[in-house]
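Student: Counting from 1, one number per residue, gives the positions in the first sequence under my numbering.
Since the hints were derived computationally from the structure, they do not count as laboratory data. Hints may contain errors.
[To be verified] Using 20 Å as the maximum straight-line C-alpha spacing, the simulated EDC-like pairs for lysine to aspartate or glutamate come out as follows:
#1 920 - 774
#2 857 - 880
#3 106 - 150
#4 920 - 795
#5 593 - 604
#6 912 - 779
#7 29 - 697
#8 524 - 541
#9 197 - 569
[Said to hold, decoys possible] Have a look at the derived ranges for each label pair, beta carbon to beta carbon:
#10 356 - 393: 41 to 47 Å
#11 26 - 175: 58 to 64 Å
#12 607 - 209: 27 to 33 Å
#13 96 - 345: 53 to 59 Å
#14 426 - 355: 19 to 25 Å
#15 106 - 690: 42 to 48 Å
#16 171 - 235: 28 to 34 Å
#17 296 - 452: 53 to 59 Å
#18 550 - 96: 49 to 55 Å
#19 612 - 780: 16 to 22 Å
#20 645 - 870: 22 to 28 Å
#21 613 - 763: 31 to 37 Å
#22 257 - 612: 31 to 37 Å
#23 725 - 660: 19 to 25 Å
Source: prediction; values computed, not measured. The beta carbon of each residue, even a glycine, is placed where N, CA and C say it ideally should be.
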Amino acid sequence: MLSAFDVEHIEKECVKRWEHAFEADPADKEKFYLTVAYPYPSGAMHVGHGRTYIVPDVIARYQRMRGKQVLFPMAFHVTGTPVIGISKRIANGDKKTIRLYRDLYKVPQDVLDRFVDPMEIVRYFSEEYRRVMQQLGLSIDWRRRFITVDPQYSRFIEWQYRHLHEKGHVVKGAHPVKYCPQCENSVGDHDLLEGDKAEILRFTLVMFRWGDVLIPTATLRPETTYGVTNLWVNPGTTYVRAAIDGQEWIISPEAAEKVRLQDHDVCVIEEIPGTALVDQSVSHPLCGEVPILPACFVDPDMGTGIVMSVPAHAPFDYIALRDLQEQGRYTAIRPIPLIRVEGYGEFPAMEAVERAGIRDQTDPAMETLTQEIYSAEFSRGRLLERYGGKPVSEARDDVAALLTEKYGSTVMYEFDIRQVICRCGGRVFVKILHDQWFLRYSDPVWKDEVRLQLGRMALVPPEVRTEFERTVDWLKDWACTRRVGLGTGLPWDPDWIVEPLSDSTIYMAYYTIAHHLQEISPEKLTPEVFDYIFLGEGSPETVDRETLDRIRDEFLYWYPYDFRFSAKDLISNHLTFQLFHHCAIFPTALQPKGMVVFGMGLLDGAKMSSSKGNVFLLEDALREFGADTVRMFLVGSAEPWQDFDWRKELVSSTKKQIERFWNTVQEARQAEGSYDIDAWLASRLQHRIASTTAALDLFQTRQALQEAFFGIESDLKWYRRRLPQGATGGAVLQDLCRVWIRLLAPFIPFTCEALWDAVGEPGLVSFARWPVADMRLVDPAIELAEEFLSRTVDDIESIVKLIPMEPSSIDLFVAPHWKRRVFEIVASSSERMQAVREVMKSEEMRKRGREAVEAAKQITRLVLRLPPRLVEQLLASPIDELAVLESARTFLEREFGVPVTIHRAEESPHPKASGALPFKPAIVIE
RNA sequence: GCGAGGGUAGCCAAGCCCGGCCAAAGGCGCCGGACUUAAGAUCCGGUCCCGCAGGGGUCCGUGGGUUCAAAUCCCAUCCCUCGCACCA
Numbered sequence: 001m002l003s004a005f006d007v008e009h010i011e012k013e014c015v016k017r018w019e020h021a022f023e024a025d026p027a028d029k030e031k032f033y034l035t036v037a038y039p040y041p042s043g044a045m046h047v048g049h050g051r052t053y054i055v056p057d058v059i060a061r062y063q064r065m066r067g068k069q070v071l072f073p074m075a076f077h078v079t080g081t082p083v084i085g086i087s088k089r090i091a092n093g094d095k096k097t098i099r100l101y102r103d104l105y106k107v108p109q110d111v112l113d114r115f116v117d118p119m120e121i122v123r124y125f126s127e128e129y130r131r132v133m134q135q136l137g138l139s140i141d142w143r144r145r146f147i148t149v150d151p152q153y154s155r156f157i158e159w160q161y162r163h164l165h166e167k168g169h170v171v172k173g174a175h176p177v178k179y180c181p182q183c184e185n186s187v188g189d190h191d192l193l194e195g196d197k198a199e200i201l202r203f204t205l206v207m208f209r210w211g212d213v214l215i216p217t218a219t220l221r222p223e224t225t226y227g228v229t230n231l232w233v234n235p236g237t238t239y240v241r242a243a244i245d246g247q248e249w250i251i252s253p254e255a256a257e258k259v260r261l262q263d264h265d266v267c268v269i270e271e272i273p274g275t276a277l278v279d280q281s282v283s284h285p286l287c288g289e290v291p292i293l294p295a296c297f298v299d300p301d302m303g304t305g306i307v308m309s310v311p312a313h314a315p316f317d318y319i320a321l322r323d324l325q326e327q328g329r330y331t332a333i334r335p336i337p338l339i340r341v342e343g344y345g346e347f348p349a350m351e352a353v354e355r356a357g358i359r360d361q362t363d364p365a366m367e368t369l370t371q372e373i374y375s376a377e378f379s380r381g382r383l384l385e386r387y388g389g390k391p392v393s394e395a396r397d398d399v400a401a402l403l404t405e406k407y408g409s410t411v412m413y414e415f416d417i418r419q420v421i422c423r424c425g426g427r428v429f430v431k432i433l434h435d436q437w438f439l440r441y442s443d444p445v446w447k448d449e450v451r452l453q454l455g456r457m458a459l460v461p462p463e464v465r466t467e468f469e470r471t472v473d474w475l476k477d478w479a480c481t482r483r484v485g486l487g488t489g490l491p492w493d494p495d496w497i498v499e500p501l502s503d504s505t506i507y508m509a510y511y512t513i514a515h516h517l518q519e520i521s522p523e524k525l526t527p528e529v530f531d532y533i534f535l536g537e538g539s540p541e542t543v544d545r546e547t548l549d550r551i552r553d554e555f556l557y558w559y560p561y562d563f564r565f566s567a568k569d570l571i572s573n574h575l576t577f578q579l580f581h582h583c584a585i586f587p588t589a590l591q592p593k594g595m596v597v598f599g600m601g602l603l604d605g606a607k608m609s610s611s612k613g614n615v616f617l618l619e620d621a622l623r624e625f626g627a628d629t630v631r632m633f634l635v636g637s638a639e640p641w642q643d644f645d646w647r648k649e650l651v652s653s654t655k656k657q658i659e660r661f662w663n664t665v666q667e668a669r670q671a672e673g674s675y676d677i678d679a680w681l682a683s684r685l686q687h688r689i690a691s692t693t694a695a696l697d698l699f700q701t702r703q704a705l706q707e708a709f710f711g712i713e714s715d716l717k718w719y720r721r722r723l724p725q726g727a728t729g730g731a732v733l734q735d736l737c738r739v740w741i742r743l744l745a746p747f748i749p750f751t752c753e754a755l756w757d758a759v760g761e762p763g764l765v766s767f768a769r770w771p772v773a774d775m776r777l778v779d780p781a782i783e784l785a786e787e788f789l790s791r792t793v794d795d796i797e798s799i800v801k802l803i804p805m806e807p808s809s810i811d812l813f814v815a816p817h818w819k820r821r822v823f824e825i826v827a828s829s830s831e832r833m834q835a836v837r838e839v840m841k842s843e844e845m846r847k848r849g850r851e852a853v854e855a856a857k858q859i860t861r862l863v864l865r866l867p868p869r870l871v872e873q874l875l876a877s878p879i880d881e882l883a884v885l886e887s888a889r890t891f892l893e894r895e896f897g898v899p900v901t902i903h904r905a906e907e908s909p910h911p912k913a914s915g916a917l918p919f920k921p922a923i924v925i926e
């Protein structure tokens, strides 16, 4: 009987049957351990998240069927500030946030009311995640689930950081951060209303002396100090004289406030109008005595509000000077060149300005011009010999160091853009944070270890390897602690909390034992306990030895993990960080084995993003299409590392495909008997098994699905066509379906589970043996014969289509034996362009004259057009074309509805008969 | 700007490493036909241009080059995506 395809019922049944099925304990067989980056449960899952977890699930299911003991765990990352922020915004009645949670995420009002407690958000959404993940059919061992603020997990983080500290991987330092004085807190990019991509720039303050007072100017180009001709002040601005760390400076009032946040003790003494500074003279050891000149472009809110002027190399400085000189003022000042750069003469700034036809300092083209000179000089410029002759890129650091060491320079930080605004509406500044703890990713020794480890790992796709290598090269120290947010306190400095990315580096090891640790009270989880479990060292007293040994055994069974899965945006932080930490904590034998990197998700061609509301909720997708459809679409529309695009109409057609599969299998349940073409189907199936398996071994889920689904479908299509009239297929279909169900089980497990029952197989298909290609069933001869037949059919069809008449008969002429000889000579000739010559070397061919030359030409063309694989097969095992066509005569007559006659070409006087080639019979339609 | 990856028919995408299998797999969409009272589903065929014989022409972001031969190799150029940090 044909069962109805009741998706809802099937899904419900499977979720029940699978509830504990994937709980994996160490067993007496090979293991396979894979993990995915755990989610941060601050909102509902969308289809983009779906793909992230479905791909590893497909792999997990595949490996399980291959007979491995598979561990696929899941946990929730709740460390950091996001949920705290969300909770605050909900408590404050923020409309946008409430709308997001109530309307898009469909959180019930009574639950929403409780979201004023951040832990409620975490609780609600992690439960939602688990529910939806189960509906999605993810084969997860849920016993190991944890959240990153569980006390047991905190003990684990403390243990890890103690080791990192001991080994010198965590050090103390100062660090500039974005800071909101109104909130009295440092702010992350997501806390910003405006300027979320602002970069912190590091300026050098060049200290000019004016009597007893210092006038600092901020510059990104300290090497140009040699070329300073004057300073600029804005005559329309009021400056202040202030005691900074005991020394008097003159700077803008804005600057005074900025440096106050940057480690300086600031005490404003008096105001000084800009005009009072104009025409004063200041000095610096690198450029001597220079005057202060007025310029309206000087911004008191940039740097110190006073700038040094290098008219030879800075377009703004040049043009401001030119403007003054055109009025006949300061005409004695000459630009001082100090950098030589290809493509420019002695005074690059002057050239650029004159070339661009800049009228005055307010010209909007000045910004790009400045940038142009800046990059040209930085990348290609060299200081003149008298200033050392080094490339600018080197000299910059050298001069900065010199200025700092000998001439009182310090550093001042500024954003690269002006408007950086906190969510509270206040302006954001750069503040230096002290006592900050850093992970020393800059450590060359540590980097080398990671590079070595990287070299031993499998990376999928291989193209990401260079990106990982670059990341290792460029990583600098990472501030790994924060003052606010959820997380684990730093064990030796508990005022700090371990920052969220820094507490998620070796938790893959924690999964292996998470369910055991739940049973142990956190205070017993001393560092000694973890040393014993993970490193096999010491003899802890707080937990009994037998338990500890069991836990350690389990860890050693699963570890190292085989593959870690994550989206590609995490390469430059998490995925690389976790390698650093593994190298630091675990011995070589326990280092990770591989990583798989994903592409991103699009929705109707636009980037999927929760914050923009451009998402399709996973649960809605499940309800509308069913879990298998969602799964098959997400892994079948693009390979894991490619971006995928969720488009409704494509998803709908996926649903139809699954229904087609269901119907085919249901129909085949009655199939019996046998037909000539069965052997061909069985043979093809073996190839499909082999190529599906090969694709999955390379994580090519799309390719695997192409083979396992569409490949088998198209084989079935030809098979049905070749059956005798009225026949629906032999018992071979039953065998095929039993294989087919298993090949598709990793992708569409719900449907396959139901079909596995339907065909009367015992147990869960999730644990059924993965099909293995049976080479005894492979029959190259019959495949070749069918290939020949189908090509002939294609040829006939294309002729029938072309000619305007209704055919009344078809005559086929197979090529004579001597052309077969020609084929062999051409096909085995190494230089195929010379094949004709090769053929004509033979006495026998020469006797045939022009006929042979003609045949050789055509056969050469044919050989070049055929797939090389086919040519090889034809060479190895020639087919009896006459017999193949003769036995398919009934089929051909049915296909075209006219009598079909097969001839030997050499026995026919028909002029077209001479055109017959091996593997390409001549066709005459009348 | 810097680093990494990518641009293939209406769309998605294979092919590119290893040059001739390539007018370019597969899927989707669209068009036509069969079935049906009809719609849907399903099945068959078509889907760059030309062609009354299985053929020919043009084509793989753009412009050059190498080669008997280029989607594939080299150079230049334009465009897109991701990352550029203390944030999940």
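Student: Give a verdict on every hint.
Tutor: Cross-check of the supplied hints:
1. Proximity of residue 920 to residue 774 is assessed by CA-CA distance (about 31 Å); at most 20 Å being required, the pair is judged violated.
2. Among the hinted pairs, residue 857 with residue 880 is inconsistent with the structure: their alpha-carbon atoms are about 23 Å apart, more than 20 Å.
3. Restraint check: the Cα-Cα separation between residue 106 and residue 150 comes to about 27 Å, which exceeds 20 Å; the hinted pair is violated.
4. With a C-alpha separation of about 9 Å, the suggested pairing of residue 920 with residue 795 holds against the 20 Å cut-off.
5. For the hint linking residue 593 to residue 604, the alpha-carbon distance of about 36 Å lies beyond 20 Å, and the restraint is violated.
6. At most 20 Å may separate the alpha-carbon atoms for a hinted pair to count; residue 912 and residue 779 exceed this at roughly 33 Å.
7. Restraint check for residue 29 and residue 697: the C-alpha separation of about 19 Å stays at or below 20 Å, so the hint holds.
8. As the CA atoms of residue 524 and residue 541 are separated by approximately 9 Å, the hinted pair is consistent with the 20 Å bound.
9. With a C-alpha separation of about 16 Å, the suggested pair residue 197 and residue 569 falls inside the 20 Å cut-off, and the hint holds.
10. A C-beta distance of roughly 25 Å is found between residue 356 and residue 393, which places it outside the suggested range of 41 to 47 Å.
11. Between residue 26 and residue 175 the CB atoms are about 44 Å apart, so this pair departs from the stated range of 58 to 64 Å.
12. For the pair residue 607 and residue 209, the supplied restraint of 27 to 33 Å is violated, since their beta-carbon distance comes to about 54 Å.
13. For residue 96 and residue 345, the hinted distance range of 53 to 59 Å is satisfied, since their beta carbons lie about 56 Å from each other.
14. Judged by the Cβ atoms, the range 19 to 25 Å given for residue 426 and residue 355 is violated: they are separated by roughly 43 Å.
15. Roughly 46 Å separates the CB atoms of residue 106 and residue 690, a value that falls within the hinted 42 to 48 Å.
16. Distance hint for residue 171 and residue 235: a CB-CB separation of about 47 Å, inconsistent with the stated range 28 to 34 Å.
17. For the pair residue 296 and residue 452, the beta carbons lie near 57 Å from each other, so the given range of 53 to 59 Å is met.
18. Checked against the hint of 49 to 55 Å, the C-beta distance between residue 550 and residue 96 comes to roughly 50 Å, which is consistent with it.
19. A hinted range of 16 to 22 Å is violated for the C-beta pair residue 612 and residue 780, which are about 55 Å apart.
20. In this structure the hint that residue 645 and residue 870 lie 22 to 28 Å apart at CB is violated, the actual value being about 36 Å.
21. Judged by the Cβ atoms, the range 31 to 37 Å given for residue 613 and residue 763 is violated: they are separated by roughly 45 Å.
22. For the pair residue 257 and residue 612, the supplied restraint of 31 to 37 Å holds, since their beta-carbon distance comes to about 35 Å.
23. Here the CB-CB span from residue 725 to residue 660 is close to 23 Å, well matched to the stated 19 to 25 Å.
Going through the hint list in order, the structure does not satisfy hints 1, 2, 3, 5, 6, 10, 11, 12, 14, 16, 19, 20 and 21.
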